[in-house]
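Participant: The lines below spell out each chain.
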Amino acid sequence: MSATAIDRDIDNSQMHVSDEVVIEIEKMSKFYGAFQVLHDIDLQVRRGERIVICGPSGSGKSTLIRCLNRLEEHQEGRIVIDGVELTSDLKNIDKVRSEIGMCFQHFNLFPHLTILENCTLAPMLARQTPREEAEATAMRFLEKVKIPDQAGKYPGQLSGGQQQRVAIARALCMKPRIMLFDEPTSALDPEMIKEVLDTMVELAEEGMTMLCVTHEMGFAQAVANRVIFMDQGRIVEENEPSAFFNNPQNERTQAFLSQIIGH
Amino acid sequence: MLSHLTDNLELWRIGLTNTVMLTALGVFFGFFVAIPIAAARLSSNKLLSKAAFGYVYIVRGTPLLVQIFIIYYGLGQFHKELKAIGVWWFFRDAFNCGLLAFTLNSAAYQSEILRGGILAVPKGVIEAGSALGLTTLQIFRRIIMPITVGRMLPAFGNELVLLLKASSLVSIITVRDVLGQARFIYAQTFDLSVFYIAALNYLIVVMIIEAIWRRLERRNAWLKYTGN
Ligand SMILES: Nc1ncnc2c1ncn2[C@@H]1O[C@H](COP(=O)(O)OP(=O)(O)O)[C@@H](O)[C@H]1O
Ligand SMILES: [Mg+2]
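In the order they appear, the protein sequences are chains A and B. Letter 143 of the first sequence, counting from 1, is numbered 143 in the working numbering, and no numbers are missing. Letter 152 of the second sequence, counting from 1, is numbered 152 in the working numbering, and no numbers are missing.
What the hints contain is simulated information worked out from the structure, not anything from laboratory work. Any given hint could be a false lead.
[Unchecked claim] Label-pair distances were calculated between CB atoms; the ranges are:
#	chain 1	residue 1	chain 2	residue 2	range
1	A	GLU191	B	PRO122	24 to 30 Å
2	B	LEU137	A	GLU73	19 to 25 Å
3	B	ASP93	A	PRO148	56 to 62 Å
4	A	GLU191	B	ARG218	32 to 38 Å
5	B	ARG141	A	GLN36	33 to 39 Å
6	A	GLU73	B	ARG141	20 to 26 Å
7	B	ILE212	A	ASP89	44 to 50 Å
All C-beta atoms, glycine included, are put in the ideal place defined by N, C-alpha and C.
Using the sequences and the accompanying hints, generate a full structural model.
Facilitator: Right, dumping it as structure tokens:
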């Protein structure tokens, strides 16, 4: 369907989703000054769910997931992560951030630290993990994303795909229960997209709760439980992948999908 | 000419020590004063940022020699008051006054270097730190500062060399730095070649600074790789 096929057979239905709600968004709105970016967002995510968010540029996808770890502040409504409500209370923000890992479009690795140090900095500073333990954990996750041999290099020496995999490993080192991805493959050359998506598929198979902004429709079909379409700051359509792609209800969704698939 | 060097070795040694100490300590203390000034400049608090801007503007807009005079002679007028609060011992010494002037002066220039460097740290890298649960202070100390200082290393080296050369101004307030000793020997011998020896002293220190900076740049190996 999209340029990148996930060539591994995953049985979507077998990935475990519990009934426990881990993210609860209720009538949430966000403004930049007078401009309303998000309108009355309602969304519930259960543990183990994998949600793909798509929509045209500027529709508020990044803003929505950035509100979940308080990189952006919402003004109305409620966001509750694992029972902790996001307010201006710094303790709650800390608690929520320690539950949530995030990967960005441009990787955002720390350029002055080696790959290993990128992965150990936060565990050592925010969790007071002893260095040896932090390094052992980091090496384990670097092996998982298949770049343990690059541990001593600097981010600038790695390809984009490798950097994004390091970013995933760095987030995993904090043992998050939820992972957010904001267009993790859209800054990558086509030949590197697959290696990153494969890593994400593996995470999904392990039962990680994931919210992923992406236009990789092959990935969405293979791993998502639900696909959400956003437009102009609203959730316009929401469905399980096969219904979403084969039988979109809203005309904006239809227009968007035909554009994405058309090229 | 060389006899002026060999006959007065002890004088030159003291002179060189004073010059190096004044410059190195001025830049060192200046760096730590520069951090809050840069932070104030970048703060969203208008009053703080205006005050920091005013400080930098005044210091950079006036000659270092005038600043040295204000601290040495100007504060000297208040020696009774300074005695009363117990800090006269500090201000009666020309070396200390010179060092204070250098610190305050260099802090203004370094705060501008820091400000530029901090603004150039990608916002996304800072956000990555927040998303990982680091505190603002941890992000500043472990991410923003090392990236800034590494990238701005050439600018800091430049500031060090400029201050080294400007440090000769303290000879005017009786400090026996390299130029101070040269003037002292010149007053006895009327032989202009003592100033060649002084120049050589400065050149050697500049070369040492350059060597140290090359090492520092090598130690920041990440600078070679263009990444973000
Ligand atoms: N810091 C900001 N200040 C003002 N407007 C912003 C800011 N960040 C994003 N926006 C606006 O909010 C809207 C949603 O942006 P974003 O969430 O980045 O969209 P998407 O990720 O779907 O492309 C856009 O119209 C964008 O211009
Ligand atoms: Mg976006």
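Participant: Each hint: holds or not?
Facilitator: Here is what the structure says about each hint:
1. A/GLU191 to B/PRO122: 24 to 30 Å: For A/GLU191 and B/PRO122 the Cβ distance comes to about 25 Å; the hint holds.
2. B/LEU137 to A/GLU73: 19 to 25 Å: Holds, since B/LEU137 and A/GLU73 (Cβ atoms, about 20 Å apart) stay within the stated range.
3. B/ASP93 to A/PRO148: 56 to 62 Å: Because 58 Å falls inside the window, the suggested range holds.
4. A/GLU191 to B/ARG218: 32 to 38 Å: holds (34 Å)
5. B/ARG141 to A/GLN36: 33 to 39 Å: With Cβ atoms ~37 Å apart, the hint holds.
6. A/GLU73 to B/ARG141: 20 to 26 Å: holds (24 Å)
7. B/ILE212 to A/ASP89: 44 to 50 Å: For B/ILE212 and A/ASP89 the Cβ distance comes to about 47 Å; the hint holds.
Taken one by one, the earlier hints all hold for this structure without exception.
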